[in-house]
Amino acid sequence: MRFIKPILIASIALPTLFGQVTNVQAASTTPLLDLWTDESKSKSSNPSDTYYLYRKPIKGAFFKNMYSGYTFYYPYAWNLDAHQIPNYARLYHYNFRIDITVQNTAQIYSTNAAYISKTTADIKKYITKDSSWSKSNGKFRLVEYSRPVVKGISNDMNKYAYLFVEKGKFVYTFQLKTSDKHYAQKRKDLLYIASTFQATTPKKFDLKKTTKLSNPDISYSYQGNSLRIPKNSFMMGLYTSNSRDVDLLSSKLKSDIGSQFFYKPIDSKFDSYTKELLNKKRLPVVTFLLEQGNGVKNPQITRDIISGKYDANIQNWAQEIKKLNGPVFIRFGNEMNGSWAQWSHQNNYNDPDLYKLAYRHFVDIFRKNNTKNAYFVWNPNISSSPNYEWNHATMYYPGDKYVDWIGLTAYNFGNGTFSRFLYFDSLYENLYYDYSRAFSSKPMLIGEFGSVETGGSKAKFVSEFFAKIPTKYTNIKIALWFSAKHDNYNFSVGTSQSSLDAFTKNMKNTNVIKGLK
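The numbering used here applies: residue 82 is where the sequence shown begins, and numbers increase by one.
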């Protein structure tokens with residue numbers, strides 16, 4: 082991908098608008114403004130009639146979100162990003178952003194109070210003020226907090242405020258982010274929005290109606306090794322705890338393996354196993370975990386990445402991958418929307434921008450080294466934890482300019498206390514349609530998946546995904562099976578003879594790509 086820095090224009094008064102972005106921007110730029118601008122310009126196929134916006138001379142801009150059900154006025158010079166309206170809307174300018182999400186607490190079997198309590202739990206020690214009031218248009222709570230400035234972010238914004246508006250079973254959540262210099266004014270602006278806010282009845286939309294499904298022909302060539310995945314085909318890959326066990330599994334399956342992924346900590350140096358995989362005509366997928374290899378927990382690791390602590394390690398990878406004779410895929414900090422990840426919201430002040438800036442910093446180092454054979458995969462988990470709209474996967478997207486592939490991850494954990502056996506369609510159909518709509522310009526891969534035996538037929542699960550991916554899920558071009566144990570779950574290919582037989586049989590399919598050319 083070639084990155085072209087946007088040129089921002091002076092403010093322009095606009096008439097009644099329909100669409101995704103109100104293009105009103107300051108004549109200066111910062112890393113945060115670049116990020117929000119890139120996000121707003123990223124492609125989706127969400128319906129364009131989910132909201133409308135018009136401007137009034139005195140009150141400013143009037144915004145009505147028909148999908149989520151609310152209206153308010155805001156200062157007319159601000160930018161509006163509504164390209165992911167089913168999940169969030171954003172107001173932003175050069176010195177602030179306000180993210181707006183709506184939580185139906187009944188749908189998550191919770192209460193308004195529990196939702197607000199859990200939302201603020203991880204920022205509790207940073208709260209500077211907490212105030213509440215009630216008006217005819219809702220019950221309001223303003224929670225203000227701050228964090229230390231991150232030295233790696235030019236013109237960092239470290240002052241925040243949550244505005245929670247309760248109306249029935251809905252909590253309308255506004256998160257303001259700005260700098261200390263601009264906080265007083267932006268706080269006033271937020272309270273102005275609160276004074277004009279009105280809850281409305283959400284309108285139902287058929288989101289699948291506008292979803293664009295793709296069936297691309299993938300073709301990458303680099304110094305002797307080519308990745309070719311025709312339409313209605315996909316590449317099959319594996320992970321094993323001991324990387325070289327994939328070779329043993331390949332022998333058992335009587336088939337070459339198209340791709341293989343392995344994990345590396347962010348402070349690691351280049352692993353020559355990457356080159357070894359290319360020599361075997363196997364596509365390497367390197368998953369960088371945002372943690373240190375010595376096992377020491379570092380809750381500020383995303384800020385450390387942004388501030389350059391691991392630049393030497395990242396540059397070493399960029400320079401060595403550049404020397405290789407084939408494509409290398411990189412998954413950076415996957416499952417960022419899960420509280421089990423050290424780089425999730427818990428250690429980032431409920432601010433997804435910090436993850437996104439770390440991701441972009443990583444990619445920028447590869448670009449500065451002109452590493453053209455590296456392809457970047459952005460890969461959340463199907464389940465957000467907590468399962469709140471402000472923690473939805475779309476909140477962590479770093480922008481189309483920084484993402485080559487969209488990763489999907491969902492496992493069948495079988496029958497258990499909190500799960501039931503799910504076949505491939507049940508796991509992936511809604512996820513596939515949601516991501517196809519939200520990230521409509523990108524090919525997809527399954528970054529990791531697997532099934533246990535408990536509660537159903539693992540062999541049927543295996544046969545189903547081999548049959549369905551090239552026919553129904555045609556934009557999924559690579560699938561990486563996690564053939565290992567994780568906690569009490571065994572996803573290994575050979576947990577039963579029937580599972581092994583299903584893999585062996587289906588690896589013979591002509592629409593399964595088994596290696597680089």
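Wrong hints could be hidden among the right ones.
Claimed, not checked - No more than 27 angstroms apart at the CA atoms, straight line, and that leaves these computed lysine-lysine pairs for DSSO-like:
id	residue 1	residue 2
1	Lys269	Lys312
2	Lys124	Lys232
3	Lys335	Lys549
4	Lys269	Lys216
5	Lys390	Lys453
6	Lys145	Lys216
7	Lys290	Lys145
8	Lys216	Lys199
9	Lys290	Lys122
10	Lys232	Lys482
11	Lys362	Lys403
12	Lys145	Lys361
Stated by the list, open to error - Label-pair ranges, simulated between beta-carbon atoms:
id	residue 1	residue 2	range
13	Ser332	Ala195	51 to 59 angstroms
14	Lys206	Ser507	39 to 47 angstroms
15	Lys232	Asn451	20 to 28 angstroms
Worth flagging that the hints you see were computed from the coordinates, not collected in a lab. Heads up, the beta-carbon is just placed ideally off N, CA and C, and yes, glycines get one too.
For Lys269 and Lys216, compute the direct alpha-carbon distance and say whether it is at most 27 angstroms.
holds, 17 angstroms
Holds or violated: Lys362 and Lys403, Cα atoms, limit 27 angstroms.
With Cα atoms ~17 angstroms apart, Lys362 and Lys403 stay inside 27 angstroms; holds.
Distance restraint evaluation - Ser332, Ala195, Cβ atoms, bounds 51 to 59 angstroms
Since the Cβ atoms of Ser332 and Ala195 sit about 53 angstroms apart, the hinted range of 51 to 59 angstroms holds.
Satisfaction of hint between Lys453 and Lys390, Cα-Cα up to 27 angstroms
holds, 24 angstroms
Does the Cβ pair Lys206, Ser507 satisfy 39 to 47 angstroms?
holds, 41 angstroms
Are the Cα atoms of Lys145 and Lys216 separated by 27 angstroms or less?
Since the Cα atoms of Lys145 and Lys216 sit roughly 20 angstroms apart, the hinted pair holds (cutoff 27 angstroms).
Does the alpha-carbon distance linking Lys145 and Lys361 stay inside the 27 angstroms limit?
violated, 56 angstroms
Looking only at beta-carbon atoms, does the pair Lys232, Asn451 fall within the given range of 20 to 28 angstroms?
holds, 27 angstroms
Hinted pair Lys216 and Lys199, Cα distance within 27 angstroms
Roughly 24 angstroms separates the two Cα atoms, so the pair holds.
27 angstroms Cα cutoff - pair Lys269, Lys312:
violated, 54 angstroms
Straight-line alpha-carbon gap Lys335 to Lys549, limit 27 angstroms:
holds, 22 angstroms
Is the hinted pair Lys124 and Lys232 satisfied, with a Cα-Cα distance of at most 27 angstroms?
Given that 27 angstroms is the threshold and the Cα spacing comes to 31 angstroms, the pair is violated.
The structure is inconsistent with the numbered hints 1, 2, 12, although it conforms to all the rest.
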